[in-house]
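Chemist: Required output: the full structure, derived from the provided sequences and hints.
Protein sequences appear in the order of chains Y and U. Here the first sequence is numbered in numbering that gives the first Met the number 0, starting from 0 and rising by one per residue. Here the second sequence is numbered in numbering that gives the first Met the number 0, starting from 0 and rising by one per residue.
These aren't lab readings, by the way, just hints derived from the structure by calculation. Computed from a prediction, not measured in an experiment: that's the story for all the values here. Take the hints with a grain of salt, since some may be wrong.
Given that identical chains are not distinguished, each listed pair holds provided it fits within a single copy or across any two copies.
Stated by the list, open to error - Subject to a maximum C-alpha distance of 27 Å in a straight line, what follows is the list of computed BS3-like cross-link-like pairs (lysine-lysine): (1) Lys6 with Lys173; (2) Lys304 with Lys10; (3) Lys200 with Lys216; (4) Lys111 with Lys276.
Number of protein chains: 2
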Amino acid sequence: MYEGLIKRYKKYLDVDEKYIVSLNEGNTPLIRAKNLEKILDGVEIYLKYDGLNPTGSFKDRGMTMAVSKALEENKKAIICASTGNTSAAAAAYGARAKLKVIVIVPDEKIAKGKLAQAIAYGAKIIAIKGNFDDALESVKKISQESDIQMVNSLNKYRIEGQKTAAFELIDDLKELDYFMLPVGNAGNITAYHKGFKEYLKDDKLKKLPRLFGFQAKGASPIVENKVFKNPKTIATAINIGNPASWDKALNAIDESDGQIDAITDEEILNAYNLLAKEEGVFAEPASCISVAGLIKSYNEGKIKKNSKVVCLLTGNGLKDIDVCMNNMDFDIKNLDDDYALIKEEILKDL
Amino acid sequence: MYEGLIKRYKKYLDVDEKYIVSLNEGNTPLIRAKNLEKILDGVEIYLKYDGLNPTGSFKDRGMTMAVSKALEENKKAIICASTGNTSAAAAAYGARAKLKVIVIVPDEKIAKGKLAQAIAYGAKIIAIKGNFDDALESVKKISQESDIQMVNSLNKYRIEGQKTAAFELIDDLKELDYFMLPVGNAGNITAYHKGFKEYLKDDKLKKLPRLFGFQAKGASPIVENKVFKNPKTIATAINIGNPASWDKALNAIDESDGQIDAITDEEILNAYNLLAKEEGVFAEPASCISVAGLIKSYNEGKIKKNSKVVCLLTGNGLKDIDVCMNNMDFDIKNLDDDYALIKEEILKDL
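Modeler: Take a look at the structure:
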């Protein structure tokens, strides 16, 4: 019986078993993208759908560690800044652990589903007139000035938990050539790199996959090598102008012979639509940047033939349905409950 | 590497491998509910969180079978009536299989997240002025009069796929005493019963778990033994007045020494709140009836001490966030980005 990633990967995670707080996170599907392979000929493509974690994003991987460690260290409260996914995870694991949870989110820049989660799990929510980077500054200060534990990815245990996704990939596939992922605060690219390196050291992997990170064009500080004071993208989860793990991201890219590139909101929405309509996978916009990035890299000739590629889908599409409702074409037919009318409507399209 | 429930349980599912359409559904977490156990003393409680299936509900289990079989039988289009979850699953698997998908939903009685999914996956959506039962009548007729395959649970392959959830429970727990689940159209209780019986026959299980089914008070035709012409409950996924598998549900309850009971919307909302705030699990309202039902049954003395109980959570809370926003107490603090103010707000509650 699967009981969460700390128990599965205990060799790589230092936690006293009696403090484990888990929702059986991890163990997420790796879905073969056969329809996408027909478009990008000669590449074997998989989708790591981390949106099927318990709170709907990859953040649960780090949060099981951060909250277990907070209990082990006898903390009574946790705090995070968040574009939404971190707050949902912190609120859920915090509730389960009976800790007080405070989340600071940017006013009006958080997807509704994520806000609903923080409400449902009972967190204290502070919405500030500022962006994620501003929120993180306050969180860093208060965690230094009080006994409240910060659970953003600057908390080292978060990265420890998140690295397990790299283990799962290699346990499933044995090896891969390219790994495509969104880059926001840059904690996740740091975590994957750490995970792959630990497996390399243990001879479970022969060669590091090339890490291809992608930022949204309107929030691409690492690509442009400058802080973005007012980042702006439809991909709210990566709407970050001054990534906390900037240097570590650069190191991960360098050591893995990877790259970092910027993707437009239009390209993100195209990938969002393609994933749902071709593969039957509904992922949140920020997630889809990994597929948009693969398409761009493929078209630029950067992906070798016959290589094996994994695109990371970090969050569930249900987190942010406004993006769907506002950007996808649809036409709902409203009819009376009249079989003749219904039949006519159905058959005319077939 | 896990590749979906048809491959995992191929001994029990008759599908030609080359037609399999899968999103790696199934293999969902079984979460120990330790905080709930503190409230319901002397009972071992688990939550089967089927809301972590690829489209966010248990419907994916049946849909992988129904759509694979539709391909095997050379169908070009599928159709379903739906309160929302079935349409999301049909649209996703249909998209992946390159089939035309038509969904008929009750006008204004479908959760927004579910509608967004059908839109995202590209289904043709017909909203009728009527309820689920009306929609199902039209679907039955058109599937008889044309070559369009019905994928509601009257399609026998749906039940075949859904029975695998029973296998997973027994593979994880070896045995259990009570199984609590929502009852809407009654396909799922039929499926679990079939699954448990097949494992019993194969000596993988010693004794059938007692099936405790729950309907919402405003949509409780089986409990009241009468059709509900205008069913009404906050739990939209089970807002059904004339269940298609009525007789099979009664048989499942009878053979397993189970019961069926009605639960008020207020009790459902209490369980919804409790699950999120105590266990960190955000499930859709209809799901929470299994926990509300356990609480009611426990209080009525129907649950033996030291027994092992599983509550089924059929869908993800993100499917219907309006219920959260409209029914849960919350108070978001809007502040300027001023550290002194933020600090004061945080510390005053600790």
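Chemist: Run every hint past the structure and note whether it holds.
Modeler: Checked hints:
1. Lys6 with Lys173: Answer is both; intra-copy 21 Å and inter-copy 20 Å each pass.
2. Lys304 with Lys10: Neither. Shortest intra-copy (36 Å) and inter-copy (37 Å) distances fail the 27 Å Cα cut-off.
3. Lys200 with Lys216: Classified as neither: same-chain Cα gap 35 Å, cross-chain 59 Å, threshold 27 Å.
4. Lys111 with Lys276: Intra 23 Å, inter 19 Å, cutoff 27 Å: intra and inter.
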